[in-house]
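Chains as they are written, first to last, in this note's numbering: chain F, 186 to 480; chain E, 20 to 316.
Treat each hint with caution, since some may be false.
In silico DSS-like cross-links for lysine-lysine, where the CA-CA straight-line distance does not exceed 30 Å [stated by the list, open to error]:
| id | chain 1 | residue 1 | chain 2 | residue 2 |
| --- | --- | --- | --- | --- |
| 1 | F | 426 | E | 257 |
| 2 | E | 80 | E | 41 |
| 3 | E | 222 | F | 192 |
| 4 | F | 355 | E | 80 |
| 5 | E | 222 | E | 45 |
| 6 | F | 355 | F | 426 |
| 7 | E | 80 | E | 45 |
| 8 | F | 311 | E | 181 |
| 9 | F | 208 | E | 181 |
| 10 | E | 222 | F | 311 |
| 11 | E | 282 | F | 311 |
| 12 | F | 208 | E | 45 |
| 13 | E | 257 | E | 80 |
| 14 | E | 181 | F | 192 |
| 15 | F | 208 | E | 80 |
| 16 | E | 181 | E | 222 |
| 17 | E | 257 | F | 311 |
| 18 | E | 257 | E | 282 |
| 19 | E | 282 | E | 80 |
| 20 | F | 192 | E | 282 |
| 21 | E | 257 | E | 41 |
| 22 | E | 41 | F | 311 |
Everything labelled a hint here was simulated from the structure, so no lab data went into it. Keep in mind that this is a model prediction, so the values were computed, not measured.
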Amino acid sequence: MSAKKAKLPPPAAIQPMSVDMRKLSRVGSRPGFLDYLVRLWDYRQFIFYDARARVQTGTRKDRLGSAWLLLNPVFNGLTYYVIFGMLLNTSGGIENFIGYLIVGIFMFQFSSGAITEGARSIRNGKSVVQAFNFPRAALPLGANIRELLSSVPLVLGMLLLIVVLPPAEKISWHWVLIVPALLLQFIFNLGIGMILARIISIAHDVTHLLPFAIRAWMYGSAVFYSYERFVHEPTLLAIMKFNPLFNVIDIVRSCVLYDRVPAWESWATLAVVSLAALLVGFIFFWRGEETYGRD
Amino acid sequence: MVAIDEAVFLDGPPCVVVDRVKMTYKVPSSIERSTSTRKGIRGSLRKLLGRENLVTVSALKELSLVVERGESVGIIGRNGSGKSTLMKLISGQAAPTDGAVYASSTPVLLGVHAALVPDLSGDQNVVLGCLAMGMDMDEIDQRFESIVEVSGLDSAIYLPMKSYSSGMASRLRFAIAAAVNPEILLVDEALNTGDAQFNDRSKARMDELRAQAGCVFIVSHSLDTIRNMCTRVIWLDKGELIMDGSSEETTNLYQEFSSNLSKGNNITAARIRDEARANLVATQIMERSSGRRMEGR
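Please work from the sequences and hints to get the whole structure.
Okay, here's the thing in structure tokens:
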């Protein structure tokens, strides 16, 4: 064995070789930001196919199949109705408290689901990342589109409950405004999901913290009660109103429950914060492009 | 060691340039170090965090290669010699610790390691895999039949992939990976996982791909495969380049080396290897940005 441990002799000679490198590009190198967006656009079919296929197969194990996409949120809402509306019977002075609660929980569920999925998309898709060479942003984007697709039955279930459960609300044209609100929420989810996806690919430990952070965020988003009842410090209240999720929930509640056009401040805050999150998320994610899927 | 002053001048652009690439891993080791330097609070903290012993493994020592169009390069060596690491670096699946790999187009690694999405059915995985390789839906529709044929899965293609046996799954992965005609093709061994029928089909598809590819890299433990398919063979040992020469010469010497090793003649084997290494002419890449020969040389 001692002979094996001995150092190898150096090579006999080193031959310099003049190579024309102009037509070559570095393997796995990260393209410029705009090129990256163009490449991502080229992979749109991949993104949509991935999202659609996974929505359909998500409930394949169940006997009722896709019906669960609608049944899940309905049962979820009914549970809150039984606990808060029938057992505790607390409204906290809020008009149509059950509706208030259902809107809060359902809209929050969309964001928490999308952000969690987006954040884990790189880790979960590691095998695909290692096998194929595509812009990695396709994975968090696909995860978010998947969540947007499954938010359709979620929102339908929410509206169904609001119409059926007492006090029943009437359908009005204001309900259309849910669509732009959801799109802005989607943009926000995507931005945050991309930031977290890169952080998690560096430090996987963050996945364990994610549920706690999301729960804390839920209590800070006026899902169960209104801010005004608990926060009396005006500056703190102003800061809390920057929370995009609070604005989404506020917008949807205005349209659906109170039949009024949502305040423009809510729209403005939501739009600015969402677009900023998307821009920061994309650039931050793109800068780590070469590192994904590698141990 | 002699440094040669006269540079070899390559006219056309090569397919692949491996420039001073080096690869080291840091992995936790379960060895208990008796003479641990990290005792006390720091030691226990590291234990608690589960990273007591990080060992640096050098998978590939500094290596430079130039591969031109039309070459098929075989890579041989014992287990752990860095063959698969080199393939991963060339295909871009792993980033080198140092140095860089340049290629004239995206290299495609044909292996059976490319895992897909277990919850989706085989046909959905075919579409997804092809889309991930940059094909569009029309192309996939055209190729779908032939992909299924290469995989030999027949109607099982419509079942979820998690219901597949490992052989079926690897056949499907091969068929998907082989659906494109890459300019730079990398083939990792372990293709002989299927039954004889599949081996024939995959070999036929491989031959087709090799004929169309600009350059090919093949890793295999079978020296016959390497001899039949390659024009140039690289011998790696423990991450070091030992020999880089014609297919016949390198495989013969390697065969002598490994037969001595299996007989237990470690010293003879090491001598063969050391002699090969002492005769090696290593490459140093000199980047040239103009197409013309540099003046004054």
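We went through each hint and held it up to the structure:
1. F:426 / E:257: violated, 61 Å
2. E:80 / E:41: holds, 5 Å
3. E:222 / F:192: violated, 40 Å
4. F:355 / E:80: violated, 73 Å
5. E:222 / E:45: Roughly 37 Å between the alpha carbons, so the hint for residue 222 (chain E) and residue 45 (chain E) is violated.
6. F:355 / F:426: holds, 28 Å
7. E:80 / E:45: holds, 15 Å
8. F:311 / E:181: Distance of about 17 Å is within 30 Å: holds.
9. F:208 / E:181: Roughly 42 Å between the alpha carbons, so the hint for residue 208 (chain F) and residue 181 (chain E) is violated.
10. E:222 / F:311: holds, 29 Å
11. E:282 / F:311: Cα-Cα ~42 Å, so violated.
12. F:208 / E:45: Between residue 208 (chain F) and residue 45 (chain E) the Cα gap is close to 34 Å, so the pair fails against 30 Å, i.e. violated.
13. E:257 / E:80: holds, 8 Å
14. E:181 / F:192: With a Cα-Cα distance of about 48 Å, the restraint between residue 181 (chain E) and residue 192 (chain F) is violated, given a limit of 30 Å.
15. F:208 / E:80: Satisfied, since the Cα-Cα distance of roughly 27 Å is no more than 30 Å.
16. E:181 / E:222: holds, 26 Å
17. E:257 / F:311: Given that 30 Å is the threshold and the Cα spacing comes to 28 Å, the pair holds.
18. E:257 / E:282: holds, 20 Å
19. E:282 / E:80: holds, 28 Å
20. F:192 / E:282: Roughly 22 Å between the alpha carbons, so the hint for residue 192 (chain F) and residue 282 (chain E) holds.
21. E:257 / E:41: holds, 13 Å
22. E:41 / F:311: OK: residue 41 (chain E) and residue 311 (chain F) at ~24 Å, within 30 Å.
In summary, the structure is inconsistent with hints 1, 3, 4, 5, 9, 11, 12 and 14 from the numbered list given earlier, while agreeing with the others.
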